[in-house]
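Peer 1: Residues per chain are reported as follows:
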Amino acid sequence: MLTLAYNELRRRTGERDRSLREKVMSLEAAAALVPDGASVGIGGSTLSRTPMAMIWALIRAGRKELVCARSITSSEGELLLASGASRHVLTSWFSQGIVWGVSRIMRLYTEGNRARFEEWSHMAVGLRFRAGAMGVPFLPMRSMMGSDVVAQLPDTRQIDCPFTGEKLVLVPALNPEFALIHVQRCDAYGNAQIDGLPFMDLDLAMAANRVILTTERIVSNDQIRRAPDQTKIPFLTVDAVVEVPFGSAPHECYGLYEPLFKHLDAYAAQLRQNPEEGIAAYLERFFYGPKSWTEYLDLLGLEELLDASRRGKSIYDD
Amino acid sequence: MLTLAYNELRRRTGERDRSLREKVMSLEAAAALVPDGASVGIGGSTLSRTPMAMIWALIRAGRKELVCARSITSSEGELLLASGASRHVLTSWFSQGIVWGVSRIMRLYTEGNRARFEEWSHMAVGLRFRAGAMGVPFLPMRSMMGSDVVAQLPDTRQIDCPFTGEKLVLVPALNPEFALIHVQRCDAYGNAQIDGLPFMDLDLAMAANRVILTTERIVSNDQIRRAPDQTKIPFLTVDAVVEVPFGSAPHECYGLYEPLFKHLDAYAAQLRQNPEEGIAAYLERFFYGPKSWTEYLDLLGLEELLDASRRGKSIYDD
Amino acid sequence: MRAAAERAFMTTSTTTYTASELLAVMSAGLLCDGQVVFAGVGIPLLAATLAQRLHAPGLTILFEGGTIGAFVEPGKLPPSTNEQRCTRRANMVLSSTDVLLLLQRGYVDIGFMGGAQIDQYGNLNSSFIGDPQHPTSRLPGSGGGNDIASLTQMIVAMRHEKRRFVKKVDFVTSPGFLAGDNSRCDAGLVAGGMYRVVTDLGMLGFDERSKRMELLALHPGVTADQVQQNTGFELLIASEVPVTNPPTENELAALRHLDPDRIYTA
Amino acid sequence: MRAAAERAFMTTSTTTYTASELLAVMSAGLLCDGQVVFAGVGIPLLAATLAQRLHAPGLTILFEGGTIGAFVEPGKLPPSTNEQRCTRRANMVLSSTDVLLLLQRGYVDIGFMGGAQIDQYGNLNSSFIGDPQHPTSRLPGSGGGNDIASLTQMIVAMRHEKRRFVKKVDFVTSPGFLAGDNSRCDAGLVAGGMYRVVTDLGMLGFDERSKRMELLALHPGVTADQVQQNTGFELLIASEVPVTNPPTENELAALRHLDPDRIYTA
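These protein sequence lines are chains A, B, C and D, in that order.
Per the numbering used here, the first sequence runs over residues 1 to 318.
Per the numbering used here, the second sequence runs over residues 1001 to 1318.
Per the numbering used here, the third sequence runs over residues 2001 to 2266.
Per the numbering used here, the fourth sequence runs over residues 3001 to 3266.
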């Protein structure tokens, strides 16, 4: 995923239909937009606002060779590798989460050279999306220098600052072909409001060549226009809008539901004995088995969804 | 206002008391923080969220040789020049506003070499603040090239991109010694909420070495903590908090009051015949004359304040 | 004798209009439904809003103050593009830096500005009249003009006067095609460029190769000679120069509804 | 025999505590009221929160997920620094890129992380065990670790085991003093550097000139020999090596109130 020449970036953006138009579609139709081999920026971070429903749909559609970029990668990354949807993950940190230990799936795939875990510092991932969002080929930064992280990355440059003479690292713009972002609410045109931590999603939306939004609910454009200072992603960057309640489950969506910890513990336990068999069985049961997202949620279980919702909404309690 | 060496930037920031502490003070006390000759970034843009009360206090305190930077400069810039508080304004556009024509004061001072109007493109001003906020010595951009705007600025560099070979302009970081920013509300520590257009104020707050906030009202830290995703400026960048109702008048403060158009028309009329005498009389009457900000507001007149408030609040009406 | 003054009030069969009104209506007609337009204050803001109310309801209007998808209300025109009136019923507001970066990222189809002085290659000057070191007049400066002109296809709406249409601007504030031919691209400006200049006399474009200004159409009652007389350099003339349709009553009524106090159309 | 395992439960006169609890209490003691600390998940998050509840109520805690001025609630520890539990009653949230940029801008006094492997110059490895081209173990990676270590004064809290304290890390994920002396600064990292390593055996710092790791203090009941035996390189020993005060009942009670389920202190 190298910096595009500016002409090419402009050409791709110029070709997009950026007009104010309805973009509501099904998960399946949105998944069909993403071809095999596409570069995909994934919104949220770790267990937060993961576009799980969209990843679920892409895996079910049998997508292959996706090059995935995310700030911090959790279980969705394990599922992308194990399903064969991706063999290349660009991220700063990759494991389900510190409380569950080092990812056995990540280890299996990377140590066995079955997949590439391309490691950049967290800020470097963020600045690569930001450069992409700004329409510049790189941004300068002051970390990574001297470390082996930068030493093993061919796609950086070190310069002496033409103003101060100081050493700086330049990181190249990342303009993924697709961004998958999950939000609390948006309108049919894709004007999105995000509550809580925005992570890198605003830059990611601007950087990507196409944006697929999943949303807990679709609201009217009138509602958006009553508070334009609450819009975080503008419609003109968005290509698809899919309404998916609990679209991040078993991860969290700020203010609505926390992670489904019991499910995540059970998932981790299932992978502990035999990671490959464990995750294959998990994929079969939760990804390939259900006929619909609602059936998937039913498998997660109403009791845990309610518990996660109670915890999620409590963020607004005094 | 050149890029600081990183060591020096870090030293200045390291010396600041960035702790969670009360910073409420009077306009006069806040003005006393700013020495003659300081570089000052001014928040808001044109007629919006201008930190007028703070500028009023600095002019009353007889401040000299301030180097002022603002995205777009309106009547506050004329008053800074005519009062002798500044002889150097860095901005992208300088006049009261298109509906009042070209600023006669700006013309008098710049054509007569009595002051410098340092012109950068609007985006360049923004990226200079952003570079300052990010702690990098420059940011790359793709406008200004080929124009006489960049040709007359010694403090830019042109490079060939080390990734794509494309031509780019590098604009240097701007880390003003002070930022003056007016907000709708903040707490005693300086956690600020801003409604509506943020302009460059978030970057400016991060970039400056000290931030003086004026605010329409001070709210509790509890109120801020109930919605941390509404905080736009973090307390740790802020050095002074001054509560000043109608602190932008006769300019506007989003959602609270629109510009006092009659006053601004009268101001423009007063400057039309003889700009220097006109603005001197205006300064005498509205800046040096009143004993307090409240007396200043009284001179603006309750009727126009009420009218501006009615118009300002109507932004939230259906 | 300046055509603009002469034509301060013009008539169609049933109604009269000012030069500014003509500019607003004619330039509005260049905007298409579904486009993203970055509009400056004054006639551009008004014309984009007019287009949105007439033939281009899906026109997305951006202002450099930070507004995306504006929907300016009749009779409540903002004094610049930085006040709350720009944002009411808008889709989004963001920082002025970020809205300008949308130009650079390529999200904008058309930049739309007024102009004080323009030259044969479409370079705009809003900084200095006379020698920039000792100007006879210091103008307000670039604002977002340089950024808009550097990064998008441009429409400029301005009065057609000889002192405004000069062979070479005193100062290139906002780049057109610089010295013509490939000089714009060679300077590093690989995207965008001048598209149309709309005046109170006609419509102008730029020759594809030489990048010199070319007369494309005349407003009703104006001759090509008149245009050339009011231009300080030799204009190219298109092989066919049609006459534009005059503003309709409907268009003028909509315009006057938007700007009843003639803030921008005096 | 590994000291950490041996010392899994330690006693003061009246109470017992785990190695993790010792780490949390001892590293919390290094944080001062009024400081700005950028804390990683696990012990750092817990210790910073503990300091805030005990001696440093005005401690400003930042998380890389985007939280400024966090106030984590007892019993509601987040599974990483990216979930909503990090933000409840916080002063601000912003993008993860922007919170990391605060490190670069210089607003942060102390970076505070855990560590998997450290060397004599304080370099941290959380990427590869063994040859990075053919690792025996791929670890989760940098996260914000590289950025934090590159840009601030660092406190590291980790278990003191020979396999973790190595002469040279297999991979420098997060830079300490690189090859010692001025090599960190020469590489372009002109700010920050390792400040303290807190382990379950003692407190360590770095020699001002050579930048080699130095034993500064011992926890109660631990000898300097024991520390050296559990370290894979030769430690410098400060001229005076005091013994730290053991965790008090009050500190342990506060800690256990914060982490009743021993999520981070198992």
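Don't read these hints as lab results, they were simulated from the structure.
Where is the CB? At the ideal position from N, CA and C, for every residue including glycine.
Hints are not guaranteed to be accurate.
Label-pair ranges, simulated between beta-carbon atoms [unchecked claim]:
no.	chain 1	residue 1	chain 2	residue 2	range
1	C	Ile2237	B	Lys1064	55 to 63 angstroms
2	D	Pro3074	A	Asp298	47 to 55 angstroms
3	A	Glu28	D	Glu3249	56 to 64 angstroms
4	B	Arg1272	C	Val2243	51 to 59 angstroms
5	A	Gln158	B	Ala1266	57 to 65 angstroms
6	B	Arg1272	C	Glu2249	43 to 51 angstroms
7	C	Gly2058	B	Asp1307	34 to 42 angstroms
Peer 1: Against this structure, judge whether each hint is valid.
Peer 2: Results of checking the hints against the structure:
1. Checked against the hint of 55 to 63 angstroms, the C-beta distance between isoleucine 2237 of chain C and lysine 1064 of chain B comes to roughly 57 angstroms, which is consistent with it.
2. As the Cβ distance of proline 3074 of chain D to aspartate 298 of chain A is approximately 34 angstroms, the hint placing it in 47 to 55 angstroms is violated.
3. For glutamate 28 of chain A and glutamate 3249 of chain D, the Cβ-Cβ distance of about 59 angstroms falls inside the hinted range of 56 to 64 angstroms, so the restraint holds.
4. For arginine 1272 of chain B and valine 2243 of chain C, the hinted distance range of 51 to 59 angstroms is not satisfied, since their beta carbons lie about 40 angstroms from each other.
5. The supplied range of 57 to 65 angstroms is met by glutamine 158 of chain A and alanine 1266 of chain B, whose beta-carbon atoms lie about 58 angstroms from each other.
6. The supplied range of 43 to 51 angstroms is broken by arginine 1272 of chain B and glutamate 2249 of chain C, whose beta-carbon atoms lie about 36 angstroms from each other.
7. In this structure the hint that glycine 2058 of chain C and aspartate 1307 of chain B lie 34 to 42 angstroms apart at CB holds, the actual value being about 35 angstroms.
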